[in-house]
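Asker: Spelled out from the first residue to the last, the chains are:
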Amino acid sequence: MGPPMLTQALARLRKALKKRPPRRAPLLVPTRGRHGTPRISVLGVDHTYANEVAALQDVTLDVHPGEFLCLLGPSGCGKTTLLYALAGAFKPSGGDIRIDGRPLEGPSPSRLLMFQEAALFPWLTVEQNLVFALGGIKGLDRRARHARAREYLHQVNLEGFEDALPHQLSGGMRLRVSLARALAMNPAILLMDEPFSPLDAETRAQMHELLQRIWTRSRKTVVFVTHNVREALVLGDRVVVMAARPGRILWDLEVRLPRPRDPDDQTVVNLSRRIREALRQAEALRTSSAPPGPGEHAHPPHRGPA
Amino acid sequence: MRALLSTLLLLALWEAVATLGPFPRFLFPPVSEVAAASWRLLRDGSLLDATLKSLSRLGQGYALTAALGIPLGLLLARFPRFRAFLKPAVMGLQALPSITWLPLALLWFGLSESAILFVVVMGSLLAVAIATEDAVASIPPILLDVSGTLGIRGPRLYAGVLLPAALPGILTGLKLGWSFAWRALMAGELLFVSGGLGQLLTLGRDLLDVAQVLAVMLAIVAVGVAVDRVLFRTLEQRVRRRWGLVPTA
Chain A
1 MGPPMLTQAL ARLRKALKKR PPRRAPLLVP TRGRHGTPRI SVLGVDHTYA
51 NEVAALQDVT LDVHPGEFLC LLGPSGCGKT TLLYALAGAF KPSGGDIRID
101 GRPLEGPSPS RLLMFQEAAL FPWLTVEQNL VFALGGIKGL DRRARHARAR
151 EYLHQVNLEG FEDALPHQLS GGMRLRVSLA RALAMNPAIL LMDEPFSPLD
201 AETRAQMHEL LQRIWTRSRK TVVFVTHNVR EALVLGDRVV VMAARPGRIL
251 WDLEVRLPRP RDPDDQTVVN LSRRIREALR QAEALRTSSA PPGPGEHAHP
301 PHRGPA
Chain B
1001 MRALLSTLLL LALWEAVATL GPFPRFLFPP VSEVAAASWR LLRDGSLLDA
1051 TLKSLSRLGQ GYALTAALGI PLGLLLARFP RFRAFLKPAV MGLQALPSIT
1101 WLPLALLWFG LSESAILFVV VMGSLLAVAI ATEDAVASIP PILLDVSGTL
1151 GIRGPRLYAG VLLPAALPGI LTGLKLGWSF AWRALMAGEL LFVSGGLGQL
1201 LTLGRDLLDV AQVLAVMLAI VAVGVAVDRV LFRTLEQRVR RRWGLVPTA
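The listed protein sequences correspond, in order, to chains A and B.
First residue of the first sequence? That's 1 in our numbering, and the numbers climb one at a time after it.
First residue of the second sequence? That's 1001 in our numbering, and the numbers climb one at a time after it.
Misleading hints may appear alongside valid ones.
Stated by the list, open to error - In silico SDA-like links for lysine to any residue, alpha-carbon gap of 20 Å or less:
hint : chain 1 : residue 1 : chain 2 : residue 2
1    : A       : Lys220    : A       : Leu13
2    : A       : Lys91     : B       : Leu1144
3    : A       : Lys138    : B       : Gly1160
4    : A       : Lys91     : B       : Asp1145
Claimed, not checked - A few chain A residues that face chain B, going by a derived Cβ cut-off under 7 Å, partial list only:
hint : residue
5    : Gly106
6    : Pro109
7    : Leu112
8    : Pro122
9    : Trp123
10   : Ala133
11   : Gly136
12   : Leu140
13   : His167
14   : Gly171
No lab work stands behind these hints: they were computed from the structure.
For clarity, every value in this text was computed on a predicted model and none was experimentally measured.
Ideal placement from N, C-alpha and C gives every residue a C-beta, glycine not left out.
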């Protein structure tokens, strides 16, 4: 920290910058294709459930290493179906999913799935929960497992709660344990299924801040499912907006907001209003071709490397 | 406290009916005589010997029941084909009163220790297996999902997730199995020169000593209640508290 005068001046400058309308550089632009092997490559994936509902139709999507991608859409748009397909929980009825260029095979801790609840083992203490999960990682002895468990509990601000039992913790704390467990497993890809939806607004905001902080440090590849537009804008580098019946991708947008982002920031609020309106129009039209969308360029949004 | 009071009241009633009622005293002795008989059996050590003998026999049979019943229940819960194949037989045999295994046990094992063990195991095994199966089948699916994504499978899944997750239900099954085993044991011991509590009962009958019969019956009740209340209740409460199934004070 510099001298107080300088800090104040900086604060004023930051405020002034924030006030300026974000005209110059568009904040939400259609994602452009990238070079290099994508970490996840989804090509023309269809999935139809036994009851004939088209959960996914011709979904194409690349996720690159280190990207934080949010799958956003109303319920029934297939975002969760797509996430579970990525986890390898089932095989979609059509299309191809590749991980680092290789075809996807079944569930694996390298593509770790976080659920809507903390899913801790209730008979184990917080630390034991992490240590037990780490037991599957080869070349890690007992002491190393405990050390790593404590390190990640520290990252989610849970030092002092190592010996607590899950039912003694609040919902937000349980979720932080779950996050620490997921991160400690050091997966190549972290798949998150609306993990913060059961939390109250305040706790959720804290989790957003925490997750952003950890993510900017670790730069994991994350696919995060949510139906909350602001959450998607706060967390994602990319927001992939999906629509229902059939489940499909409408827009694939790059979010160019500086981090850390605040869900109450006016820019975020405005952008989320725009996305919601565009979604409503899309619902009203109910066409399979996407309407112009909320991106700031006139040309049609990019829809994968077609 | 209440239970103690009502027990005392009942004993007083018994004493009154036995002394004042029209029943022959040698067939319906008052509490005081039963107490005297208990004291005599305690003093000469025969009650303690018999109790220890019965309990050690029960311990062997019950250990076998747990060692076979819990894995059997796990297999029934985890392998649908195995379940489809064996479940009808298990349900059918479970309906058999344990004493009906005795003739078969006598034919197979003769008048021996093994025959009693056989009856005890057959009387309690299936109850434990069925309770274990239920407990494993009702594990919250989220715990299985998270085990899947964390790469927990094989022996780590069975020992580290399935068994502990099902433990509260398994304990309930073990408690039920224990009471079945205790009953089966008493039935078995009645017919043998077995040295257990059951034989002490038979001995009382042979001597036409109703006070002894009643004294031994009271001892059987006492052992049953002690194990159920003290051992199993404590164990169950501990597990339920640790598992977060009861609100912690």
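Asker: If a hint holds in the structure, say so; if it does not, say that too.
Answerer: For each hint, the structure was consulted:
Taking the CA atoms of lysine 220/A and leucine 13/A, the gap is near 32 Å; set against the 20 Å cutoff, the hint is violated. In summary, the hint linking lysine 91/A to leucine 1144/B is supported, as the alpha carbons are separated by about 19 Å, within the 20 Å threshold. At most 20 Å may separate the alpha-carbon atoms for a hinted pair to count; lysine 138/A and glycine 1160/B meet this at roughly 17 Å. Pair hint lysine 91/A plus aspartate 1145/B holds up; C-alpha atoms about 16 Å apart against a cutoff of 20 Å.
Hint status for glycine 106/A relative to chain B: violated, with the closest Cβ pair at about 9 Å, above 7 Å. Because the closest C-beta pair between proline 109/A and chain B is about 4 Å apart, less than 7 Å, the hint holds. The interface hint given for leucine 112/A is met, as the beta carbon of that residue sits about 6 Å from the closest beta carbon of chain B, less than 7 Å. Below 7 Å, beta-carbon pairs count as interface contacts, and proline 122/A has one with chain B at about 5 Å; its hint therefore holds.
With 7 Å as the threshold, the beta carbon of tryptophan 123/A comes within range of chain B, its nearest partner Cβ sitting at about 5 Å, so the hint holds. Restraint check, alanine 133/A versus chain B: the minimum CB separation of about 5 Å is within 7 Å; hint holds. For glycine 136/A, the suggested interface contact is upheld, since its CB lies about 5 Å from the closest CB of chain B, less than 7 Å. Contact between leucine 140/A and chain B, as hinted, is not supported at the beta carbon level, the nearest pair being about 13 Å apart and thus beyond 7 Å.
For histidine 167/A, the interface hint holds, the least distance from its beta-carbon to any beta-carbon of chain B being 3 Å, beneath 7 Å. With a least beta-carbon distance of about 13 Å to chain B, the hint placing glycine 171/A at the interface is violated under the 7 Å criterion.
Of the numbered hints given earlier, the model fails hints 1, 5, 12, 14; all others are met.
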